[in-house]
Amino acid sequence: MNQPAYQKIDIEKKVLSENDRIAARLREALGDAGTLALNFIGSPGAGKTAFLERTLERLPMHTRAAVLTGDIQTENDAIRLQRYGYPVRQITTGGCCHLDARMVENHLDGWPAKGLELLFIENVGNLVCPTSYDLGEDAKVVVLSVTEGEDKPLKYPGIFRKAELMILNKIDLLPHVPFKAELARENARRIHPEIEIIDTSCTTGAGFDRWLQWLAARAERKRAEAMMALATHPV
Amino acid sequence: MHEMGVANSILVAVQQELDLYPGRRAAKIAVRIGEYAGVDPDSLQFCFEALVKGTDLEPLELAIEWLPASEALDLAYLEMEDVETEVSV
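As they're listed, the protein sequences go chains B and E.
Numbering of the first sequence is given in this note's numbering, commencing with residue 1 and proceeding in unit increments.
Numbering of the second sequence is given in this note's numbering, commencing with residue 1 and proceeding in unit increments.
Hints are not guaranteed to be accurate.
[What the hints assert, rightly or not] Taking lysine to aspartate or glutamate pairs in the EDC-like style, the calculated list, with each CA pair at most 20 Å apart, reads:
no., chain 1, residue 1, chain 2, residue 2
1, B, LYS14, E, GLU35
2, B, LYS14, E, GLU81
3, B, LYS14, E, GLU17
4, B, LYS13, E, ASP82
5, E, LYS28, E, GLU81
6, B, LYS14, E, GLU61
7, B, LYS155, B, GLU194
8, B, LYS13, E, GLU17
9, B, LYS8, E, GLU81
10, B, LYS222, B, ASP138
11, B, LYS8, E, GLU79
12, E, LYS28, E, GLU61
13, E, LYS28, B, GLU12
14, B, LYS155, E, GLU35
15, B, LYS8, E, GLU71
16, B, LYS180, B, GLU150
17, B, LYS155, E, ASP40
18, B, LYS222, B, GLU164
19, B, LYS180, B, ASP151
20, B, LYS155, E, ASP42
21, B, LYS8, E, ASP40
22, B, LYS14, E, GLU65
23, B, LYS14, E, ASP40
24, B, LYS8, E, GLU17
25, B, LYS155, E, GLU71
26, B, LYS155, B, ASP172
27, B, LYS13, E, GLU35
28, B, LYS13, E, GLU71
29, B, LYS155, B, GLU196
30, E, LYS53, E, GLU35
31, E, LYS28, B, ASP10
32, E, LYS53, E, GLU71
33, B, LYS8, E, GLU65
34, B, LYS222, B, ASP32
35, B, LYS14, E, GLU71
36, B, LYS180, B, GLU148
37, B, LYS8, E, ASP82
38, B, LYS13, E, GLU79
39, E, LYS28, E, ASP82
Derived from the structure by calculation, the hints contain no laboratory data.
Let's have the full structure, built from the sequences with the hints guiding it.
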């Protein structure tokens, strides 16, 4: 009875701590395997699937890559991506507007993740919700297309802040749209001064040399880190 | 609309804390939301109220502290009161 009728306790916890716990587990597994995991986020229609199609098409032979593609409904994107000969799995969220770490973990189940060099995760088309959910990835990549507004980075600062790389897509359309590319880049850098930006066109293939170099360098670094870890802490 | 999921995560956390304090009920849960967290505070407030309604946790207040230029999405503190005291008054 001498307990106070009122009590306030501090809670030092993330709201999404359960997701973060699974994401950490995923990150560790992907780290051990030396797999570079990238989380692609963009509006519906920004060209995420086309970008991945073009990427798969141009990957060096014998690259061990795989794709998880998220959508609210349909297997359409998986069907498109499967044409390139790499393992692809569709995550259908059934109404949920983002992927979470558990969905990714469940869909990796049974895959020979050990030998994978690259794991591309195409998030649900949405610039807001996927921002909050760590999927255990090495980097978020935001895809912005020139048919959108150049103020998107200012309207959706969260994803531009968290993304390491911005793909400015559909640049072949620049002559036909009022989009000011330099202003879009400035806006992105205002939110995130260190963000890297690569201009691409999935139609002409422009920018893909640079993107594939970026990808190869990151994948190499990840592999080297995994080997280092293995050398210092053998399993 | 992932605010529903975020609201649900908050309620799960509240319940987990309450389990450690028998005889208490939750009065207020406070969270810190950063500008870059990707969570809309109004929408979260709305979802939270909708979820709490009709549950044993009702009435439960959600206090949101907004942090500019931050990626925070953190629980801050929980205010609890004594269930018995409330009944006997």
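Verification of the supplied hints:
no. : hint                : in the structure
1   : B:LYS14 - E:GLU35   : 15 Å, holds
2   : B:LYS14 - E:GLU81   : 23 Å, violated
3   : B:LYS14 - E:GLU17   : 14 Å, holds
4   : B:LYS13 - E:ASP82   : 24 Å, violated
5   : E:LYS28 - E:GLU81   : 9 Å, holds
6   : B:LYS14 - E:GLU61   : 19 Å, holds
7   : B:LYS155 - B:GLU194 : 19 Å, holds
8   : B:LYS13 - E:GLU17   : 11 Å, holds
9   : B:LYS8 - E:GLU81    : 9 Å, holds
10  : B:LYS222 - B:ASP138 : 9 Å, holds
11  : B:LYS8 - E:GLU79    : 4 Å, holds
12  : E:LYS28 - E:GLU61   : 5 Å, holds
13  : E:LYS28 - B:GLU12   : 16 Å, holds
14  : B:LYS155 - E:GLU35  : 11 Å, holds
15  : B:LYS8 - E:GLU71    : 25 Å, violated
16  : B:LYS180 - B:GLU150 : 6 Å, holds
17  : B:LYS155 - E:ASP40  : 12 Å, holds
18  : B:LYS222 - B:GLU164 : 15 Å, holds
19  : B:LYS180 - B:ASP151 : 10 Å, holds
20  : B:LYS155 - E:ASP42  : 16 Å, holds
21  : B:LYS8 - E:ASP40    : 26 Å, violated
22  : B:LYS14 - E:GLU65   : 14 Å, holds
23  : B:LYS14 - E:ASP40   : 16 Å, holds
24  : B:LYS8 - E:GLU17    : 11 Å, holds
25  : B:LYS155 - E:GLU71  : 15 Å, holds
26  : B:LYS155 - B:ASP172 : 24 Å, violated
27  : B:LYS13 - E:GLU35   : 18 Å, holds
28  : B:LYS13 - E:GLU71   : 14 Å, holds
29  : B:LYS155 - B:GLU196 : 19 Å, holds
30  : E:LYS53 - E:GLU35   : 27 Å, violated
31  : E:LYS28 - B:ASP10   : 12 Å, holds
32  : E:LYS53 - E:GLU71   : 29 Å, violated
33  : B:LYS8 - E:GLU65    : 16 Å, holds
34  : B:LYS222 - B:ASP32  : 10 Å, holds
35  : B:LYS14 - E:GLU71   : 11 Å, holds
36  : B:LYS180 - B:GLU148 : 10 Å, holds
37  : B:LYS8 - E:ASP82    : 12 Å, holds
38  : B:LYS13 - E:GLU79   : 15 Å, holds
39  : E:LYS28 - E:ASP82   : 13 Å, holds
The structure does not agree with the numbered hints 2, 4, 15, 21, 26, 30 and 32 stated previously, though it agrees with the rest.
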